[in-house]
Amino acid sequence: MSFLAIQGLHKSFGSTQIFSDINCEIAQGEFVTLLGPSGCGKSTLLRCIAGLTPVNSGQILLDGEDLVPVAPQKRGIGMVFQSYALFPNMTVQQNVAFGLRMQKVAAEESRQRVKEVLALVELNEFAERYPQQLSGGQCQRVALARSLVTRPRLLLLDEPLSALDARIRKHLREQIRQIQQELGLTTIFVTHDQEEALVLSDRIFLMNAGQIVQSGDAETLYTAPVDAFAAGFIGNYNLLDAEAASRLLGRPIGSRIAIRPEAIAFAELGGIEAHIRSHSLLGNVIRYRVEARGVELLVDVLNRSAADLHTKGQRIGLNIEANAICEVA
Amino acid sequence: MSRAELSAAGLYHRLMVYTLFFILLLPLLGTLLYSLSTDWSATILPSGMTFKWYVELWGDPRFLAAFGHSLLICVGALLLSAVLILPLLFVVHYHFPRLDGLMNILILLPFAVPPVVSSVGLLQLYSSGPLAMTGTPWILIGCYFTVALPFMYRAITNNLQAINLPDLMDAAHMLGASTWKAAFLVVLPNLRKGLMVSLFLSFSFLFGEFVFANLLVGTRYETLQVYLNNMRNSSGHFTSALVISYFLFVLILTWAANHLNKDKS
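Sequence lines, in order, name chains U and B. Mapping the first sequence onto full-length UniProt numbering, position 295 (from 1) lands on 295, and the numbers just tick up by one. Mapping the second sequence onto full-length UniProt numbering, position 50 (from 1) lands on 50, and the numbers just tick up by one.
Hints were generated in silico from the structure; no laboratory data involved. Heads up, a few of these hints could be off.
[Said to hold, decoys possible] Okay, the calculated bits of chain U under chain B, using three or more residues with CB under 8 Å as the criterion: (1) 56-66; (2) 143-155; (3) 176-190.
[Unchecked claim] Quick list of in silico lysine to any residue cross-link-like pairs, SDA-like style, CA-CA up to 20 Å: (4) U/LYS170 x U/ALA218; (5) B/LYS181 x U/ALA107; (6) B/LYS181 x U/GLN93; (7) U/LYS104 x B/LYS181; (8) B/LYS262 x U/VAL105; (9) B/LYS181 x U/LYS115; (10) U/LYS104 x B/TRP180; (11) U/LYS115 x U/GLN175; (12) U/LYS74 x B/LYS262; (13) B/LYS193 x U/MET90; (14) U/LYS104 x B/LEU201; (15) B/LYS193 x U/GLN175; (16) B/LYS181 x B/PRO166; (17) B/LYS181 x U/PRO88; (18) U/LYS104 x U/ARG151; (19) B/LYS181 x U/ARG101; (20) B/LYS181 x U/GLN73; (21) B/LYS262 x U/LYS104; (22) B/LYS181 x U/VAL105; (23) B/LYS262 x U/MET90; (24) B/LYS181 x U/GLN175; (25) B/LYS262 x B/LEU201; (26) B/LYS181 x U/ALA106; (27) B/LYS181 x U/MET90; (28) U/LYS74 x U/GLN93; (29) B/LYS262 x U/GLN133; (30) U/LYS115 x U/TYR130; (31) U/LYS74 x B/SER178; (32) B/LYS193 x U/LYS74.
C-beta: ideal position from N, C-alpha, C; glycine also.
Excised from the complex, chain B in its bound form (with noise of 0.2 Å):
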């Protein structure tokens, strides 16, 4: 290929890409602007700009207790997936390993039903007897475990399928440590990067997560998502300053899970 016909291509390449950008950023852009307006209805470009909309979010008690409540659940959450699943896999690829065509089927359950459905079937089991939790953190909590699972199940397998498991079990116990040091010390490190992947995807999922959490709990214990739909009614560039803020951050979060992902090497 001549040169002039490289860059031409090349044109056309970064065209596309900066169209598809534009294309994505605009209604951020949009929201931007407008939750940093004073007031923006009758004319072309908004009458003045002002802070004023992200201070009376930030300063909204309201507001700052459903966004604890909503990194709370979803702590909670990953947390008991991570605690729960790393031992699961370890388990399932170093025993049973024919156990992994069973847990592929499994993991895909919480997506074949519709979280609608769902909902409705966890509401009626949880309602009453002894495990009354609807309208608690709890339900949600579990809920969200559920929802985080193949995420977690995927990109720790995929990890665990790239290195040796049972040839380095092996060299490890062949060097004097148990089991459980060999998990600890060899196994666990090299499923760093798979384990940081799925937890940060799962966050930003869950964290953003409207339907069980309006459904399951509601106001009882209000979510960053169902906080923002009870606000509707209110003023648009207050409604605006919320999206942005917590589009920036998850933002601010995936790009430090990037950086501190990065390998040493």
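So here's chain U without its partners, still in its complex pose (with noise of 0.2 Å):
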């Protein structure tokens, strides 16, 4: 049986629908990250699991228990936000304790509770700081250790890492993944970061317009998309409709393809003749802007030296790996 169930939820506020008929089960101490553009309603469905946004209907079983009329106090849940939240006038100690204070947890056990937290994201000889006097990412930092002090049941994550820099973003992430997995956590992410969520995450929820369009680990929803929106946003994939893509493949085509850049391959000789129009340099990958057959195309090449490089204008062979060929609806 699933630890989180999700059925049928529905929000709106006024008349503008978030999302409705949402449905999902998140089995116990899985890594579950919710991706989607801005708007898709990835946060709300968050909001409304932490009880901080009521919703119009459905259910919310954590455990077998229907959460949606339990107070947010009493959901046994811990959030992190992206602004970190953290409580001015109180120092690391005090703003990681607050949750066993309001548990009325006995002075000894909760420090020595806060101390195990802390050291948990190597931040105890911070204790006596305050909020204003850390960087962005010892914040955040603060921030798990708090919410994780009350040992949730389930830990949400809004966009925690979006405030920050991207060197301490991929040392967050793998801390966070990390602490999670020690702790056998159960724990939803929200992000608008692809890479973030396919590094992360046992599970994804592709979610578009209130909707949950895909749901896979990170390895189908990459190489197998379900329709366009999903193509498009992980990934930069090639994008072709069933007309470019039978005048490419010289085969009648019957629906909407996706071809991921870096399955096309340049060959000396033979193959699908084609022409560099541009390229731009990613670091270890160089990504081809080529044009084969009335079609412009994407197409990433390790970029292994210099003598490799090939200019703009040079006529080229392209091999497109058949597996790679992704029908989208």
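Now that you have both chains on their own, put them together as the hints suggest.
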């Protein structure tokens, strides 16, 4: 049986429908990501699970208990916010201890638990500091510690990394994943960043316009997008309509297709005739814009050496792996 | 910029600041000196120094009563505004953010009507009927509340906008705090600065208020400024001592407020 089950969840603000008939199941200890563009309803869904936003109808079953009528204080859910939401008038130690103070945990036990959880996020030496004396990454680790100290049944992370710079973001996401696995904590993570979602998650729910478009592990989502939106949102798929696809592949194709740019290889001889329009260097990958039979394609090639670089206008053959051609609705 | 130019500019800036200070302090210094002199009329310098005016002033029961009245009315009005405005601001910003625009217009009203005009209106309203309180300190407390409202509202609003109220409340709720507890433990301590600043600002302002006090209550419940006005025909040395005492009191209060309000970090 699933640990968290959402059934027929519906939410609208006035006449604006945010999402309707959301159904999903999450297993205990699973790390699930809600991925989607801004305004797709992912943050609202998270807030509904937290209880901070009331739902119109539907059920949220956590360990068999319906959470909808339960106040957010009593749900046993921890939450981390994009803005950190640390209490500026309290030290790190007091911030982290706040949840225990609300639960009236004895002082000695509280001190011990705060110490443990601060060690977990490697912030013990900052216990007496105030939030304004910490960097963004440190603040978010305090926020994480604060939500972990009450031993929640479910951890919700609302774009926790979005306000941080790239290097800290990478480091912190690894730390989050490590802690989550160490504690075996069921976690729902909201992000609009596909890379974050692919790296972190056991399972990804891809959302668009209040619907869960596709769910599955990173592998499935990346290699088998169900529709044009999924293909467009994850990776840098080449999306071709039926007519262009037939022309490119030289055989009749009945529907729209998606081809990953790294599934196309350059060949010295043979293959589909093409010429290079431009290229851009992404670091370890060179992304070429090529034209073949009147169709423009993106091709990603591993950047092995400068000598391999193809220049603008150069003629080239393309090999497309047959199993990488993915029909999308 | 070279060193010489820099010091020349520095000198100019210092000169300006000191001149300004001097101009501002001059009348106070004159008053102070006058309040400390035995007699100062036909000579360039006072003929002798004395503390007798201060002794006389602080020994006058009428002055002490007026001082106490002023304190009571100011503290009363500020307590009333703190008790009413804090929950009001919390509700406006947390539940009805759209009302902020309306509130901004409403709180400007006490400024829009000159005190002389509004006091005539207040006299008419509260001289008879069920709420006849002209001549009692109650009407002044109510009236001062409206005068303090804009200061309090603006200062605390700025403070509220500097903290991320909705997220802080959400975080506190998720950690098990009720809305009351969250407001008291998380929001209120973060408004301390704005609240203190506006309280002391309003206090110094109200403590020196004369028009409303004189017109609405007058001698029936004499406040400090009304007492000063009534004493205008007594010795100038005596009233100078009164002005200096009043000034020192506000000065010490402001200094104490600043000191208390320093950041811990």
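Verification of the hints:
By the rule of at least three residues with a Cβ nearer than 8 Å to a Cβ of chain B, the coverage given for the region 56-66 of chain U is violated, with 0 such residues. Coverage of the region 143-155 of chain U by chain B holds [criterion: at least 3 residues with CB-CB distance below 8 Å; count 4]. Figure legend: the region 176-190 of chain U, annotated as covered by chain B; annotation inconsistent (0 residues with Cβ-Cβ distances under 8 Å, at least 3 required). A threshold of 20 Å between alpha carbons decides the hint, and for U/LYS170 with U/ALA218 the separation of about 18 Å falls inside it, so the pair holds.
A hinted pair counts as satisfied when its Cα atoms are at most 20 Å apart, and B/LYS181 with U/ALA107 qualifies at roughly 19 Å. Restraint check: the Cα-Cα separation between B/LYS181 and U/GLN93 comes to about 19 Å, which is no more than 20 Å; the hinted pair holds. The straight-line distance between the Cα atoms of U/LYS104 and B/LYS181 is roughly 13 Å, inside the 20 Å bound, and the hint therefore holds. A distance of roughly 32 Å separates the Cα atoms of B/LYS262 and U/VAL105; the hinted pair therefore is violated under the 20 Å criterion.
Of the pairs offered as hints, the one joining B/LYS181 and U/LYS115 is violated, with about 24 Å between alpha carbons and a cut-off of 20 Å exceeded. A C-alpha spacing of about 16 Å is found between U/LYS104 and B/TRP180, which places the hinted pair at or below 20 Å, so the restraint holds. The hinted pair formed by U/LYS115 and U/GLN175 meets the criterion: a straight-line CA distance of about 18 Å does not exceed 20 Å. With a CA separation close to 38 Å, the supplied pair U/LYS74 and B/LYS262 exceeds the 20 Å bound.
Distance restraint check for B/LYS193 and U/MET90: the Cα-Cα separation of roughly 15 Å lies within the 20 Å cut-off, and the hinted pair is therefore satisfied. Taking the CA atoms of U/LYS104 and B/LEU201, the gap is near 39 Å; set against the 20 Å cutoff, the hint is violated. In summary, the hint linking B/LYS193 to U/GLN175 is not supported, as the alpha carbons are separated by about 37 Å, beyond the 20 Å threshold. With a C-alpha separation of about 15 Å, the suggested pair B/LYS181 and B/PRO166 falls inside the 20 Å cut-off, and the hint holds.
Pair hint B/LYS181 plus U/PRO88 holds up; C-alpha atoms about 16 Å apart against a cutoff of 20 Å. A distance of roughly 14 Å separates the Cα atoms of U/LYS104 and U/ARG151; the hinted pair therefore holds under the 20 Å criterion. A distance of roughly 11 Å separates the Cα atoms of B/LYS181 and U/ARG101; the hinted pair therefore holds under the 20 Å criterion. A hinted pair counts as satisfied when its Cα atoms are at most 20 Å apart, and B/LYS181 with U/GLN73 qualifies at roughly 12 Å.
Note on B/LYS262 and U/LYS104: the hinted pairing is violated, with a Cα-Cα distance of about 31 Å set against a maximum of 20 Å. With a C-alpha separation of about 16 Å, the suggested pairing of B/LYS181 with U/VAL105 holds against the 20 Å cut-off. A hinted pair counts as satisfied when its Cα atoms are at most 20 Å apart, and B/LYS262 with U/MET90 qualifies at roughly 16 Å. A threshold of 20 Å between alpha carbons decides the hint, and for B/LYS181 with U/GLN175 the separation of about 32 Å lies outside it, so the pair is violated.
Distance check on the hinted pair: B/LYS262 and B/LEU201 sit about 16 Å apart at the alpha-carbon level, within 20 Å; holds. Between the alpha carbons of B/LYS181 and U/ALA106 the distance comes to roughly 19 Å, so the proposed pair stays at or under 20 Å and holds. A threshold of 20 Å between alpha carbons decides the hint, and for B/LYS181 with U/MET90 the separation of about 15 Å falls inside it, so the pair holds. For the given pair, U/LYS74 sits about 23 Å from U/GLN93 by alpha-carbon distance, which is inconsistent with the 20 Å threshold.
Proposed proximity of B/LYS262 and U/GLN133 is supported: the alpha carbons are some 16 Å apart, at most 20 Å. A C-alpha spacing of about 16 Å is found between U/LYS115 and U/TYR130, which places the hinted pair at or below 20 Å, so the restraint holds. Between U/LYS74 and B/SER178, the direct Cα distance comes to roughly 10 Å. Compliance with the 20 Å bound is thereby established for this hinted pair. For the proposed pair B/LYS193 and U/LYS74, the alpha carbon gap of about 33 Å is over 20 Å, so the pair is violated.
Hint compliance for this structure: hints 1, 3, 8, 9, 12, 14, 15, 21, 24, 28 and 32 are broken, all remaining hints hold.
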